[in-house]
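Student: Going line by line, the protein sequences match chains A and B. The opening residue of the first sequence carries number 4 in my numbering; numbering runs sequentially from there. The opening residue of the second sequence carries number 4 in my numbering; numbering runs sequentially from there.
Worth flagging that the hints you see were computed from the coordinates, not collected in a lab. Mixed in with the good hints there might be a few duds.
As the list claims (entries may be wrong) - Selected chain A positions facing chain B (in silico; Cβ < 10 Å):
| # | residue |
| --- | --- |
| 1 | S232 |
| 2 | Y334 |
| 3 | M417 |
| 4 | A502 |
| 5 | E503 |
| 6 | G506 |
Glycine included, every Cβ here is placed at the ideal spot set by N, Cα and C.
2 protein chains.
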Amino acid sequence: MVRERRHSRRGRPSPTRQVEAITQPLHQIPVYELLDASALDKIHQVSMEILSEVGILFMDDPESLAILREHGVRVEGELAFFTPTQIEHYVTMAPSEFTQLARNPARSLVIGGKHMCFAPVYGPPFVADRERGRRLGTLQDFRDFVKLAYLSPYIHHSGGVIVEPTDLPTPTRHLDMLYSHIKYSDKPFMGSVMSAGNAADSVKMVEIMFGSEAIRQQPALISLINISSPRRLDDRMLSALKVYARARQAVIITPFILSGAMGPAAIAGTLAQQNAEALAGIAFAQMIEPGTPVVYGSFQTNVDLQSGSPVFGSPESQLALYVSAQLARRYHLPFRSGGMFASAKIPDVQAGYESIMTMLPAVLARVNFVLHAAGWLDGGLTAGFEKFVLDCEVLGAFHTLLRGIDMSENGFAMESIRSVPPGGHHLGTPHTLRNFRTAFYRSELFDYQPSEAWEADGAHDAYERAHERLQQLLASYEAPPLDPALDTELQAFVSRRKAEISG
Amino acid sequence: MVRERRHSRRGRPSPTRQVEAITQPLHQIPVYELLDASALDKIHQVSMEILSEVGILFMDDPESLAILREHGVRVEGELAFFTPTQIEHYVTMAPSEFTQLARNPARSLVIGGKHMCFAPVYGPPFVADRERGRRLGTLQDFRDFVKLAYLSPYIHHSGGVIVEPTDLPTPTRHLDMLYSHIKYSDKPFMGSVMSAGNAADSVKMVEIMFGSEAIRQQPALISLINISSPRRLDDRMLSALKVYARARQAVIITPFILSGAMGPAAIAGTLAQQNAEALAGIAFAQMIEPGTPVVYGSFQTNVDLQSGSPVFGSPESQLALYVSAQLARRYHLPFRSGGMFASAKIPDVQAGYESIMTMLPAVLARVNFVLHAAGWLDGGLTAGFEKFVLDCEVLGAFHTLLRGIDMSENGFAMESIRSVPPGGHHLGTPHTLRNFRTAFYRSELFDYQPSEAWEADGAHDAYERAHERLQQLLASYEAPPLDPALDTELQAFVSRRKAEISG
């Protein structure tokens, strides 16, 4: 990637503006409630029917089945059947909100309640930028995304597998990813879920950072436990879940459902299935360690029934998102969903439409933890560099939206309304001058020029402008300070574990 | 424009699918209410203060001032001061919903209540397409947009000045636009507001179509009366308003406010000002003709205070839109706002983000009449052909969203949930096969292919695909039948009026 710094003719401020601290946004507007209480209860009741009569498979993991049996759950073969009473008993043990520690205490995050938190895309094997196109991700790409997430005031969390560093050996790459999150950012991050060993390594590294007692009081990791829908938790995810729950590290229990494939071609049924799956995983986590922080997760959209491809930003997925958030609130659990989803392969107009079609509902539904809030392209298979930068601009707008309307005397500006004559303008009033910097959210990347000026400036579309901005950002990056002794200890751990795993 | 029909390698269905009738959508989901009753009341109270103490200017139109005085309004110079009682008395006379006639009765529209209606962009002097770029609009462009609006099942209204036909003489071009709406579409359309004479011509043409008595029972025109904010109605708009009100044709009274310029740099104050202006216009229309159909309009966003340029899709404009809708409902009036607004000059990712940032709130706020629902670019200065086609695809998705979640037995699909084993899939279940065509909204223009297939297919972005689709649509267009006697009469009227005006 070209790293030279280019000065914009449009005179934009330096990208270092971005390191300013923006605090985690509080949701100060009403939550959008799609279903009334009785309809929501019907979803709940059908999910109880699924849990008690249809069952959830705990696959290839005898220890998990033993834990379930010990806690009174009826198990037939590998199928577990939960009663409504059992679900209620264990789900109630989970905290309704918790704080995830960051190595910079000012960046620790509250997960739950009215707090929102935006995290980068998670999981793509590919990266793409405008200059080099789509290619397999590398550690360098991973680090660049960590840096971009660190630089944006509108991304609160460093995320997890922002992109797979496919140039590294699979068995040890989690160590490089974890170390990169710690080294190149001071925001909270996610643990590895590829195996019990990876999860244990993740826990060990935050123990080195914070101490083993501190992380039992407040988790330093949040990790993504996907349910292999329909109705199945596999041994890999169960193994990681057990490690994290025993260490009291937060887990996001997320059924992964494309309606029409891993769930029925119907939204109410999908929601009932999702709810059964999420509650089974959450109850199981509480059986392992009562009080362990958990997040109710939803990753849902539908397939295009003609091709089988997932469709992002669909109207059906918006409807499901609102109800999923209502269900999580019903159980007093923090909620994860949403993201700047796009099926589009590049940041074109389709990507723009699609991204807001999920992200704005996520904001109105009060999703507490928005994974994939920046950088998602290509149905999640590609982490887009320019898309990341563009999405961050929109996340800034959502911070403003979440504050709602200022109903103070200053918000009414009656002095201005009285003083400006009919047909006059407010551009130079004392009120406008006083509120000049704070009145409205301003994107530095979006174009608001007259057409003639835009053309004279090269007629660059937003994708091109984001590419320029991307280069400026990476060139401006400076790592947050990291205690050298801690750095040495972490590096020693990573080296030792790499030797053990490869040896 | 190239009109040859190109057959897609992707085997898309013929564009003639588009002529299928989709009925006007009913808003079957909850309305998003941003402010609570007491905050909403505060906006109302401040607007009453503006109406009674600060006043609204009725400019250069002595007859309007006389009408106000006759109805007890205090007038000082050209400033009118309304009491809350006067406002309530006259605003209450307006119907809460009404039907606008279309020459095809199946396409008549209900304006108000839970009904929504999407109309094309209005007013740009320029058009743009991917092949020819931006240029001044012509009558041919105007007709092409009328045809596109006719072809889309998701556009319910033919609109008004979709683009200015700048190749025609200004004094008579309204006649060509009106005739084009009638000839090339059978959907309802808007009247001209450039002068009293233009408005009278508009009324005469619908009298020819429907008869003068019928249009007094149900309006055949809806016309856009913009208030020249702050606090000013000018003689041009007042003249047109009087003609339409006397003919009982519907008018949309719309303050046009860019906060920071025509209103304060504050949203609560902007809303109070807007409310005062809209209610003054609505009350005035009722003084002229009690019961004349009116729509409470809002066109609001903010300027970028650094450059003075309007910013579309801003978070502040979303907040204002929700509250404007609440105010209209408070007065039991149909509401107009929203649109697929973009500052972007072409349909790039910025245009996509921006469009949904206003249009999705417009849907959740239950805007009854969404002008600018397709084709808007460049802050409203350009009607984009591809943007129009792309926006229509998204409007289709909103039709699905508005239906909400199917909570029937079929919506829960328990037979499928019970029958598919853990980790299995629903692609071939009887439930999926039964619901194959109707389960999910499907865009034919958006790309959901795997990346490799998309690349093999030429790696076309959505803008390119929309250009191809545009050509197919225009090539497939067939005019709806028009009674030859009526056509002759309309043409004779247009010819006579052109001769009178030019003579």
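Student: Compare the structure with each hint and give your call.
Tutor: Now the hints, each set against the structure:
no. : hint : result
1   : S232 : 8 Å, holds
2   : Y334 : 19 Å, violated
3   : M417 : 7 Å, holds
4   : A502 : 37 Å, violated
5   : E503 : 33 Å, violated
6   : G506 : 35 Å, violated
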